[in-house]
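Chemist: The chain contents come next:
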Amino acid sequence: MISAIGNNVPETLASLIQSRTGIGKIHYLTTRYKDEFLAGEIKLSNEQLADLVNDHNPDLNRNSYIAMLAAKEAVQNSGIDTGDGLRTGVISSTTVAGMGKTELYYKELFEKDDHLSVLDTHDCGDSTERIADFLGNVDYVTTISTACSSAANAVMLGCRMIRNGLLDRAVVGGVDALSKFTFNGFNTLMILDKEWSKPFDENRKGLNLGEAAAFLVIEGEEALKKRNGKALAEIVGYANANDAYHQTASSPEGYGAQMAIEQALQMSGLKPGDIDYINMHGTGTPNNDLSEGTATRAVFGDRVPRFSSTKAFTGHTLAAAAAIEAVISVLSIQNDMIFPNLNFTTPIAGLDLVPETTLVRTPVNTVLSNSFGFGGNCSSLIFKKVSA
Amino acid sequence: MAKAYINGTGCISPQDSIDSEWFFDPVTAPSVDYYNAKEPSYKEFIAPNLLRRMGRAIKMGVAGANLALQQAGVTQVDAIITGTGLGCFEDSERFLLAMLNNNEQFLTPTSFIQSTHNTVGSQIALIMKCHDYNFTYVHRGFSFESTLQDALMLFSEGKESVLVGGIEEHTPNFVELNRRAHKFKAYDPAIPFWKSATPGIQMSEGAAFFVLGKSKSANSLARIDGVQTLYKPKSSDVVLKKLQAFLDQQGLSLAQIDVCLMGFSSDVNFDACLKALLPAIETETVAAHFKHLSGEYHTASAFALWTATKLIEKQELPAALAISDKKPSQIKHVLIINQYLGINYSFTLVSKC
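Read top to bottom, the protein sequences are chains A and B. Under numbering that gives the first Met the number 0, think of the first position of the first sequence as 0, with each following residue one higher. Under numbering that gives the first Met the number 0, think of the first position of the second sequence as 0, with each following residue one higher.
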């Protein structure tokens, strides 16, 4: 995983433990709003990223660099060998794709031929195929784009393909590098906070954008046994539902969110009371947090588990958000820790939901992770400690 | 793995496919190096207040979905799955140019909102008030195949009906830039696609939707038995070996395939592998093609599936699709072998039901 709070998983964990946000002044993105807004940037230039992946192919872009780095870290940590004859899939997700590079050259393309190759790397499939080629011996590739729930759906698809016997294992996740396009898009929607975002706070004003890539290696039981591997956690529930309320806004009652959470719980066989921690979508926009909070109350009543949104650490990383939060959920289970919801002071009136605001060390066996996006796309995942 | 029954189709393409009576005659050839979809009068399908703001990809998608639902005689499904390589490019480009031309000022959110790749799928869900499973695949020449694979899994997992579709749109600028990058060449009816000796394709666009059911119904037109994708196969031998394994799984041999629809794109490099396969295919079955009618785009395989469904329905291989004079004696099994840029290959088996 690579994001504003670290270039790999150990750095991420250290930042989470030390309550160290990665959101700050814009340094790498070129925009006229550089000094006006904050963002959760990865603290590396494109040149530094190219050095890290050890590939200076001019057709690579920031999205591909960070996707390749995160996928490689996941595969290395897992100990799998993609060349061992088992069927490996790469299932990635992105919303921005190659736009970060297209926007640099698009106008110039009409006058000069120099950068026409950006057309070939503009689409969402590009970074996925780069990952597959970088890892080698990949049998299956596909890419999902369901806005800010994208990576949750990539995780879900990986699980389903293994269950249906189509793959033995999959590298699943998502990637979104910051672009001027995305930044301006969110700015026109007027949902960006100029200061640090305050998820679940009564006075929250909006989100901070971030960039990240994160991947998980998921394996079927047989593949895991075959190599005598040990799982970090188990995915026991997942669900996808649609709010079907508005193209960009969530319904005030959080109907889609509630359906996703309830269906994921149902699949896992767990009761609401069995959940130890919820990693919320919690973007910090007035609309999302109210809708998600209402859905949470509807499912859990007055016994809401400990919860937090970690977006005040990383910023909202869009298609990558569910993947970095899946990694954070696994870290929570591995380390028996609940990570804080930064910048919170006052609960939302009427909901009275109070997130954890400091690091909590407590046994964590089960984590629910929510991700919701434009187009009403709502997905929830449930992770569980592997029983000894 | 479950199978999927095709209960309704809707297809917007450069041909008259929107007319339910049309059966590959007459055919429209492009006069230039790209194709435009023949778009219907959208007023029949979409409310005027919605229509005004929709980009072309959304309009084509919503209309295609509507046609498929109408033919299937249903108003609700258990899942909506769309596939698109470039998504709503027109809206993306509009926002991008406005941002670049105005130095990031005076922007409005509409085209940004509609630029997200899941806009078509979510607009269909909004209009249908469908709260169920909703997915958008965006992987190049696998975008549509991924929707079918997902639908087959959903049927194994208990869903009963799924709406799937592939959508692509182009813009004048995008065509112009790709032309400058030497991706295109003019359509030449005198040179059959599988005999082409030059690079270049004819870029195209369209939308094809299908209402799929887990069980056979009175409306069932054909059945999808299996879908497989193949990423960067090393040679045509690998493709042939994988194809044989795919057919083995279905309990079929190549000789039992009545028509094989092949994704020749007229680019000599991209088509090399299919060209190498053609003799083996022609020995065992009847080869046909479709991209001279659909043009080339990420989800052209959705047009191929629509074509396969029509062939099974009419039990006839029209001359416009034929590669040789060979005629199938019956059309029970149609195999689609597609390729996109010589990188993304897929097999789809469609059978009479």
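Incorrect hints may appear among the rest.
Calculated lysine-lysine pairs in the DSS-like style (CA-CA distance at most 25 Å, straight line) [unchecked claim]:
(1) A:71 with B:313
(2) A:224 with A:33
(3) B:215 with B:241
(4) B:325 with B:351
(5) A:224 with A:383
(6) B:2 with B:240
(7) B:158 with A:270
(8) B:128 with A:111
(9) B:233 with B:194
(10) A:106 with A:225
(11) A:33 with A:111
(12) B:274 with B:240
(13) B:233 with B:158
(14) A:106 with B:42
(15) A:71 with B:326
Listing some non-contacts, in silico: residues in chain B with all C-beta distances to chain A over 12 Å [stated by the list, open to error]:
(16) 22
(17) 72
(18) 126
(19) 140
(20) 142
(21) 144
(22) 148
(23) 149
(24) 267
(25) 276
These are computed hints drawn from the structure, not numbers from a lab. Here a beta-carbon is modelled for each residue, glycine too, at the ideal position from N, C-alpha and C.
Chemist: With reference to the structure, classify each hint as holding or not holding.
Modeler: Hints and how they fare:
Distance hint between residue 71 (chain A) and residue 313 (chain B) is unfulfilled; the C-alpha atoms sit about 51 Å from each other, more than 25 Å. With a CA separation close to 50 Å, the supplied pair residue 224 (chain A) and residue 33 (chain A) exceeds the 25 Å bound. The suggested pairing of residue 215 (chain B) with residue 241 (chain B) is violated, with an alpha-carbon distance near 29 Å, which exceeds 25 Å. Between residue 325 (chain B) and residue 351 (chain B), the direct Cα distance comes to roughly 20 Å. Compliance with the 25 Å bound is thereby established for this hinted pair.
With a CA separation close to 18 Å, the supplied pair residue 224 (chain A) and residue 383 (chain A) stays within the 25 Å bound. This hinted pair checks out: residue 2 (chain B) and residue 240 (chain B) have alpha carbons roughly 23 Å apart, not beyond 25 Å. Between residue 158 (chain B) and residue 270 (chain A) the CA atoms are separated by roughly 24 Å; this keeps the pair inside 25 Å, and the hint holds. In summary, the hint linking residue 128 (chain B) to residue 111 (chain A) is not supported, as the alpha carbons are separated by about 47 Å, beyond the 25 Å threshold.
Between residue 233 (chain B) and residue 194 (chain B) the CA atoms are separated by roughly 22 Å; this keeps the pair inside 25 Å, and the hint holds. Distance check on the hinted pair: residue 106 (chain A) and residue 225 (chain A) sit about 53 Å apart at the alpha-carbon level, beyond 25 Å; violated. Proposed proximity of residue 33 (chain A) and residue 111 (chain A) is contradicted: the alpha carbons are some 28 Å apart, above 25 Å. At most 25 Å may separate the alpha-carbon atoms for a hinted pair to count; residue 274 (chain B) and residue 240 (chain B) meet this at roughly 16 Å.
Under the criterion of a C-alpha separation no larger than 25 Å, the hint pairing residue 233 (chain B) with residue 158 (chain B) is inconsistent with the structure, at around 36 Å. A hinted pair counts as satisfied when its Cα atoms are at most 25 Å apart, and residue 106 (chain A) with residue 42 (chain B) does not qualify at roughly 35 Å. Between residue 71 (chain A) and residue 326 (chain B), the direct Cα distance comes to roughly 51 Å. Violation of the 25 Å bound is thereby established for this hinted pair. Even its closest Cβ contact with chain A, about 33 Å, leaves residue 22 (chain B) beyond 12 Å, as expected for a residue assigned away from the interface.
Listed as a non-interface residue, residue 72 (chain B) keeps its Cβ farther than 12 Å from every Cβ of chain A; the least gap is roughly 22 Å. Non-interface call for residue 126 (chain B) relative to chain A: violated, since the shortest CB-CB distance, roughly 9 Å, does not exceed 12 Å. For residue 140 (chain B), the condition that its CB be more than 12 Å from all CB atoms of chain A is violated, with the nearest at approximately 8 Å. With a cut of 12 Å on Cβ distances, residue 142 (chain B) falls inside the contact zone with chain A, its closest approach being about 8 Å.
The beta carbon of residue 144 (chain B) is not kept farther than 12 Å from every beta carbon of chain A, the shortest such distance being approximately 8 Å. The Cβ of residue 148 (chain B) sits about 7 Å from the closest Cβ of chain A, inside the 12 Å cut-off, so the non-interface label is violated. Its beta-carbon lying about 7 Å from the closest one in chain A, residue 149 (chain B) breaks the requirement of being farther than 12 Å from that chain. At the 12 Å boundary, the C-beta of residue 267 (chain B) stays outside the reach of chain A, the nearest C-beta of that chain being 19 Å off.
Every beta carbon of chain A lies more than 12 Å from that of residue 276 (chain B), the smallest distance being close to 20 Å; the non-interface claim holds.
Hint compliance for this structure: hints 1, 2, 3, 8, 10, 11, 13, 14, 15, 18, 19, 20, 21, 22, 23 are broken, all remaining hints hold.
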